[in-house]
Each structure stands twice: as structure tokens, then as C-alpha cells.
Amino acid sequence: MSNKEILLFDTKSRKLQPLVSSNGKNLRIYSCGPTVYRDAHVGNMRTFLLGDLITRLAKSLDHSVEFIQNITDVGHMSEDFVEDKMLAQAKAESKDPFEIARTYEKRFHADLKTLNINPADSYPKASECIDLMHDLIERLIKSNNAYVGSDECVYFDAQSFAGYGAISGNRLDSLKPGHRFEYTEDGAKRFHADWALWKAAVGRSEMIWDSPWGKGFPGWHIECSAMSLHYLDKFVDLHLGGIDLRFPHHENERAQSNAAINQDAVALWVHGEHLLFEGRKMAKSTGNVVLVSDLKAKHIDPLALRLCFLENRYRSQMDLSWDSLKAAHLLLQRWRQKVQSWKNDKEVDQAAVQRFIDEIVADLRQDLDTPRALQKLRGIEKSETISAANKYQIFIAADKVFGLDLDRQPYKNELPTQLAQLLEQRVQARTAGNFAESDRLRDLLAENKVVVRDSKEGQSWDWLI
RNA sequence: GGUCGGAUGGCCGAGAGGCGAGGCUCGGGACUGCAAAUCCCGCUACACGGGUUCAAAUCCCGUUCCGACCUCCA
0 MSNKEILLFD TKSRKLQPLV SSNGKNLRIY SCGPTVYRDA HVGNMRTFLL GDLITRLAKS
60 LDHSVEFIQN ITDVGHMSED FVEDKMLAQA KAESKDPFEI ARTYEKRFHA DLKTLNINPA
120 DSYPKASECI DLMHDLIERL IKSNNAYVGS DECVYFDAQS FAGYGAISGN RLDSLKPGHR
180 FEYTEDGAKR FHADWALWKA AVGRSEMIWD SPWGKGFPGW HIECSAMSLH YLDKFVDLHL
240 GGIDLRFPHH ENERAQSNAA INQDAVALWV HGEHLLFEGR KMAKSTGNVV LVSDLKAKHI
300 DPLALRLCFL ENRYRSQMDL SWDSLKAAHL LLQRWRQKVQ SWKNDKEVDQ AAVQRFIDEI
360 VADLRQDLDT PRALQKLRGI EKSETISAAN KYQIFIAADK VFGLDLDRQP YKNELPTQLA
420 QLLEQRVQAR TAGNFAESDR LRDLLAENKV VVRDSKEGQS WDWLI
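Numbered according to numbering that gives the first Met the number 0, the first sequence spans residues 0 to 464.
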């Protein structure tokens, strides 16, 4: 294995596979993006971090990368479009559905930025790619992979695609109709596992478009096929997404794309595992949804979340908790302090530094083994034989991929004026030797989540988390 | 029912056949007006039953328990 090769676990072959550029120029990467009908929660962020880590690593190894992530701003998430999520949210907020989409899209980008997740090269929107989807559907009808049903919807003929099920391990003959949701067989589909490529508008009046098959809106899976084939020029070296998209979304996307170009459209399928919060899957119905903004409100550095993610392998389920976030926050603060203290030392041994960096990068190239790489960093931090200057160089180099802003002063939310005044009063009380008063103020500040420390240099404070 | 993962000290969590990762909490000490922070010391675990091996948390077989997914979903 060359020292620029990145190995990733491919869901379809169930093996580690090298990430290679099929056109010899750049790595073409596609990631399923958010549906912008609500704020993305930290579980979504874990999946989006996966794309960031891979692209940062690839770029640090001098690969050229083209990274596309879609924005789903068209409501087609449900078979039953009465419950469509985009339209339901628009109704709930009494707004135009596209206004909802733009609002949450903006917040999605803001959250990425907060977590140092570098932006993709482009974010095509489903609503702006309707023509691409039409072209693709027409092509699939011509090749006999799709048909117009008696209800004017266009369906993909699942049985027409021989390799169906290769990603998820599902087989068409074992897929039972109506497994989970009430499903009424109305006879419009020829086979229960066929899925809609284009849905007729019927009673819907918003978010619909003209099409060769009448007014309607795209099916759930077609946008990713259309966009990835178009924007990445008919081949994807790496396709990313959350584990739950493995089936049916990626299975169906694969059938559509491969049928359309009559060959494999994706080399590697890589899936990020789910994030649990305090033992349970993060979901609105469970009531344990955590947003990036919730971290800031608790005075936790949002990058502590990033560090928590890095401490776990991307394809293991991980259980996040306020305790683990707090621990990561404190580690981050400690590292930033140490990095600042190492900065002034100038005794760099470039060869030694490079050896450590190579070891860390080797861990990352091995299916993004971030926990192992972080363990190396902890070892380097504690080492008594590595000079401060070398430690500084190693941490800064590692941070290019980790993205933890290690060369920065510790994170701190701003202090409200009222609390700043209490701090000032405490300094005066202490100067006057009035320890009863200074202790009272310390308790008062603690009630307001501010912890006070005294040292030879004087009083300092931090948010209690 | 099917598929895929897990089970490691008070808690979280990494483990690549052979030196008990690391973090958090807790206890002791130094420091401090008292604290906090920091530093030092302490707390010796791998679900169960077999097997392979000189040597098993790690490999093999079986058992129990837990989780996720199985046509909304990152």
C-alpha cells in the first residue's frame, strides 16, 4: 500500500477497499445531504463530519477532490404525501415551503461552520435539478427499467435490475409488502417493491412541477442518482451517507444509476453509523434531540462534539452524553493551553516530527482510525522525551485533519455585564481581606455557572459546564 | 422472524496473541486565607462455559444478555 492510499470499509463488498480516482485526475465524492425542513441535529452532523474527514485527509495526501452534497428541498419524503415533511413544516410555521427550505439550509451551513466541517464544492438543490431528474426518468423508461403506472406515477421496475439488494443484503423475494407502514396495494405498481420515480400531483398544489407525465413531484431516490451522475460526470468514486440510507435509499439509487448508464456508477459505498444520545437513538419522538445550538447554550465548545466523534470510529454506533461532551470540552481546553505553552520553544527536530505525523496519518488512512490517532496524540502530549517545539509541530499538523482549532485560546462564551461586576466586587473584597464577602460572591457566581479561580496572577474565571 | 454490531474497572471507552491505552469520577498529598485549577500518588477490569496455545480481553465453538436496522430517518 502506497503511503497516499486511503482504505475505507465498503458496505457493498463488506471489505476494506482503497479509495482511488477512476479518472486519474480527482476523487469524485458524493454525500447525501440534509432535508431542510428542520434543524439538523448532532446525529446528522456526525454523518456530515465523515465527508469532511475523508476530504481533509485526501487533500492532505495531495489528492485532488471534487465533493458534492445535495440539499433536499423538495418534499417527497413520504409515500403518503399528505404527511410530507416540507409541506407540514411550512404549514406549521405558516410560511412558503421554499422559504422554510432556505431558512434551514442557511442554518445547516452555519452548523457545519461551527463544527469546522469544510464545505463541499457544491450543494445542488433538488428543486433546481428537476430537469435532470426528468431526463433520467425518460432514459429509464426507454431502457424498460421504468414504466408509467395506472395512477400516472412513474415507477422503477425493481425486477428489471439484476443486482438489486447488493448493498443491503435484502433480496426482492424476501421483501414483504407493507412491512412497517400501512400500505394499500392499489394495483398501480406492477410489483410491491417497485418505487416511484415521479409522483402525480393529485391533490397537491405546492412544490409541484410540469413533467412529460403530468404535474407532480420527484420520488424519494431519483435526485441523488440524477445529481451524482450529472455533477460527477457519470461516476462516483465514493458515495457517503448515514447507515439508515443503506436501504432503501441507496439500494434504489444504485439500481437507478446503474440501469441508466448500464454499468456500475459507484465504486465505494461508505456508511456512517448512528449516534445515540444517552443510550437511545436520537429522534424527535424520543425527545432526546440535541442541536449544535444546545451546546453553545451550555457553554460547551461545539468542537468538543467534534472531538467526541473523533474518539469513536465512524462505523461504530456511539453513545453521546453530556458527560462525554464535558470531558471532551475539558480535554480540548487543556490541549489548547498546552499548545500555547509549547509554541515558544524553537528546538524542532523536523525528521522526528515527520515520523510522528506519518504514524498518525497512517492510522487515519486505515479506515479513519481516529481513536487510535488521538491515542497517539495523548501519548505525545505526555511524553517526556519529545521537545515542546516538536509537540507543537505535531499537534498543529494533526489538527489539519482533526479540525479542532488546537492553536487557539480556549473557548469561552462572553460574560454578561452583571456577572462581570460580581467578579470585580470579588477582587475588591479579596484585596480588602474580606474573605467572607469574597466567598459569598464566589458562591453567587457559581449559582450563575461561573467558576472562579485565584492564583498568583490574580483571579480568573470559567463557565461551569 | 431476518440482518448487522456489541458485552472491558465506580462510570465512559481504546485494544493489532506476550509490557493493565486514555479520560471522567472518587480517595490521599503538594499548593491555597479557604477553594478551584494544576502537579504527584492511589483505585489492577475484560458477560458465561468449553477449546486452541508456552502464552487469550484478543483466535475457535457454544450460551446468555444488550443495541441498531429491516420501505419516515444521518
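Note that these hints are calculated values from the structure, not bench results. Incorrect hints may have been included.
The list that follows gives simulated cross-link-like pairs (lysine-lysine, DSS-like), each with its CA atoms no further than 25 Å apart [what the hints assert, rightly or not]: (1) Lys-283 / Lys-337; (2) Lys-105 / Lys-124; (3) Lys-297 / Lys-345; (4) Lys-283 / Lys-297; (5) Lys-337 / Lys-280; (6) Lys-375 / Lys-3; (7) Lys-94 / Lys-214.
Comparing the hints with the structure gives:
The hinted pair formed by Lys-283 and Lys-337 fails the criterion: a straight-line CA distance of about 39 Å is larger than 25 Å. With a CA separation close to 13 Å, the supplied pair Lys-105 and Lys-124 stays within the 25 Å bound. Restraint check for Lys-297 and Lys-345: not satisfied, since their Cα atoms lie roughly 38 Å apart, outside the 25 Å limit. With a CA separation close to 20 Å, the supplied pair Lys-283 and Lys-297 stays within the 25 Å bound.
For the given pair, Lys-337 sits about 36 Å from Lys-280 by alpha-carbon distance, which is inconsistent with the 25 Å threshold. The hinted pair formed by Lys-375 and Lys-3 meets the criterion: a straight-line CA distance of about 20 Å does not exceed 25 Å. Only pairs whose Cα atoms come within 25 Å are accepted, and Lys-94 paired with Lys-214 is accepted, the gap being roughly 22 Å.
Consistency with the previously given hints fails for numbers 1, 3 and 5, ordered from lowest to highest.
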